[in-house]
Amino acid sequence: MNKLNANIPDGPLSEKWTRYKSEQRLVNPSNKRKLDIIVVGTGLAGASAAASLGEMGFNVKAFCIQDSPRRAHSIAAQGGINAAKNYQNDGDSVMRLFKDTIKGGDYRAREANVYRLAELSNNIIDQCVAQGVPFAREYSGMLANRSFGGAQVSRTFYAKGQTGQQLLLGAYGALSKEINKGTVKMFTRREMMELVVVDGRARGIITRNLVTGKLERHSAHAVIIATGGYGNVFFLSTNAMSSNGSAIWQCYKKGAFFANPCFTQIHPTCIPVHGDYQSKLTLMSESLRNDGRIWVPKDEKTAELLRQGKIKASEIPENERDYYLERRYPAFGNLVPRDVASRAAKERCDAGFGVNNTGRAVFLDFKEAIERLGKDAVESRYGNLFEMYERIVDQNPYDTPMMIYPAVHYTMGGLWVDYELQTTIKGLFAAGEANFSDHGANRLGASALMQGLADGYFVLPYTIQNYLADQIAVSHISTDLQEFADAETKAQRRINMILDVKGEETADSIHKKLGHIMWEKVGMSRDEKGLKEAVAELDDLRRFFWQNIKVPDVDGVNPELEKALRVADFLEMGKLIATDALMREESCGGHFRTEHQTSDGEAMRDDENFRFVAAYEYNNEDEPRLHKEELFFESIELKNRNYKS
Amino acid sequence: MNFTLKIWRQHNADSKGGFETYKVEDIPPEASFLEMLDILNEGIVRKGGDPVAFEHDCREGICGCCGLYINGHPHGGFKGTTTCQLCMRKFKNGETIVVEPWRAKPFPVIKDLMVDRSALDKIIQAGGYVSCHTGGVPDANAVLVSKHDADLAMDAASCIGCGACVAACKNASAMLFVGAKISQLELLPQGRIETEERVKKMVAKMDELGFGNCSDTRACQAVCPKKIKVTNIARMNRNYLWAKLKGKH
Ligand SMILES: Cc1cc2nc3c(=O)[nH]c(=O)nc-3n(C[C@H](O)[C@H](O)[C@H](O)COP(=O)(O)OP(=O)(O)OC[C@H]3O[C@@H](n4cnc5c(N)ncnc54)[C@H](O)[C@@H]3O)c2cc1C
Ligand code: FES
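Top line first, the protein sequences correspond to chains A and B.
First residue of the first sequence? That's 215 in our numbering, and the numbers climb one at a time after it.
First residue of the second sequence? That's 17 in our numbering, and the numbers climb one at a time after it.
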């Protein structure tokens, strides 16, 4: 039996979603009240789903780690959200957004899902404006747009440099409204520990109350996972500290397939690492590349002097600077996609031209922009970002070029879902960054917010009904079922095992080691040798963890235990990522295998052999079973990405 | 850099807390305040102790989780800066730094430096939103909004809900927090329709939860890491008065 049926509706691409909605089954209002839905995670995807499902009359229970849904990681998104409104009359359309997204993802996403996403993008903007999201406006009173991430049209809507915050607060408002009405019950400071499956269907979760430390059972007719991405497997990333992979990892271990784990996105413009005590990396908005020029010295010796602090960037004359992106990619220059820009920076630093005392940074220079536009114009565009940079680095970007370096930012991989966003476990759905669906091997800027909100506001409310329509006869699920007791016991055992080690190493110190392996060998460029070493090192590190972890055994609040539980899962997940990267013998999007590149260092995709989604089934820790979902491109021609001409 | 830290330790809501003194050494000046606490905690854990509990998540000044009372000021009292954005180079080498949780009746301590700020969520739940539902809304450009109003709304909306305003206020008033939300929605045509109901409900909830009144000392504005202005309180007061007056007729 082929377990991977994406359940794509028939008909032409542009009619699939309309057709789906007209044919899906509905649940009548009196029955909705009898049906319970669990939503794990209340970032953009989870909050929008929980609010919408609550409005429809379902009984919703929503969970998050933070003390309030308003603090989810989505809050940190800066740049903006895409939509195919074509308000700027620059030739945008649903079809164009669809094509850009498929191409940007290097042809590793599913056409039907991506088309639906492009279609729904417009509804999202309407919805958010109605909620009072204060998007940027023109003097005419109309909505403003900017071009983002190298798109040829201006389709990005934004709210200063705080778009994620404003969208999340919009969704949080909608969620608060439903909490007030009683349709949504909110459980904050809870971490999902286990998924409960009864007779092959997802029926509940076990959570740990992060204040009391107690385990709790929650049941429902369906479970939605919207727990975000797993970028923190690299330790240092732009993700929030509590971002984790544990919820999806536990679902994977219960039978949900994990798709494309190796597709991770490295963002080119982050503030460089400065010390080993560092806890996270800060993103500098991609919009900086619109006016900033990226360079390193042409001469290795000059780079060395810079690293030793003997000369300053501003002392290096124009003809001794290598604007390597402009040199390599004349057509797109500094605006090449993220993966291309990131690799190019690494290439220069590896070759010995890196700056900063670490040698792991390149310059992002506004000198030319200040000359061209004036300091005031530059300040009005980027003032808050410059301020943020100065606060962290203690250097003024108006006088001296910024230093940037790539950092882990986003994970395209996640739980495998079909067109309905249902995983391979019946009744278990996944939304937002937690699923793998729409970005293929590389996500375009301003598309994650769009996807999270499309999933939550406009897709799940339909598709969940289609699932629940035949569940109306099932009464509330009892948490006394044996499956709940078993899952709780399992979670408790995991906690006890960690507490019992009583070793000498903290969770952070092991997490750093994990991050080091991942970044060096499973990071921006990968090869067979390094990946095999990584797999072996990860095995060793996992053993090391279980012999050496030290967690204080205190009741109630115990952040060290939270961290250790997450690291234990990351260690296993790291191995799946490396295994997938080893399997995928091609370079595509964020996945670059050095064996598969052209003579001038560009990625070489292999459509003949790898035009598929790799979905892994848990078997045991060491032998995941690979299933392939072949991808079909009917509306778009497969092309090599070309940013040179 | 070396520091002496006097940190408030309290095992849980019911226990009595007190200051404990710690020394941290070799802290890099570029480390953030929270990274300095990470280093402290790493040491405590290795020695078998219970690390200092504090809240944090984004570590870039936007989620509003972090909030420490540092040397008598919320977030340390540096302009436009959250605790997580505070670099240790801002302190003097050898300095003694006093670290406490937010102190306000509506924010009970959970453990050490962690407090329960769910009262802020409850105020929002009482009416801090536009009550439209998903779907069926007009085209985003159907209602024009002046850039001026949209910009002001954005300034008000940039509140991160950290609660520094409440912690700074001698009355533990949440007027800046509530005023910012009322203003954001009042400034936009989409939100204005419900202003009167909204302001009455949110103010009533704020009172019910034990937040105090505003006596116009503006301590809130001075410490707000997002530089939210007290003009938002004035706007709220105007809306409130109007709503009450109208209610009488
Ligand atoms: C710095 C930065 C800037 C970005 N800028 C942009 C941008 O400009 N445009 C764009 O489109 N995208 C951007 N992104 C990406 C985008 O922000 C995220 O992909 C998106 O917000 C993820 O939303 P989400 O709802 O899927 O998950 P999240 O917002 O991560 O929410 C996850 C939720 O799940 C909860 N949770 C997690 N684990 C558990 C568990 N085990 N148990 C219970 N609850 C759990 C959390 O508490 C939280 O509520 C940016 C990302 C970063 C890091
Ligand atoms: S940790 Fe998010 S604002 Fe400080």
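Treat the hints as calculated values from the structure; they're not laboratory data.
Here the structure is a predicted model, which means the values were calculated and not measured.
Careful, some of the hints might be misleading.
[Said to hold, decoys possible] Some but not every residue of chain A turned toward chain B, in silico, with C-beta under 8 Å: (1) SER282; (2) LYS524; (3) ASP608.
Glycine residues also receive a C-beta, built at the ideal position from the N, C-alpha and C atoms.
Structure-based check of all given hints:
1. Using the Cβ-Cβ criterion of 8 Å, the hint placing A:SER282 at the interface with chain B is satisfied: the shortest such distance is roughly 5 Å.
2. The beta carbon of A:LYS524 is not positioned within 8 Å of any beta carbon in chain B (closest approach about 20 Å), and the interface hint is therefore violated.
3. Here the hint on A:ASP608 is kept, as its CB sits about 7 Å from the closest CB of chain B, short of 8 Å.
Checked against the numbered hints above, the structure violates only hint 2.
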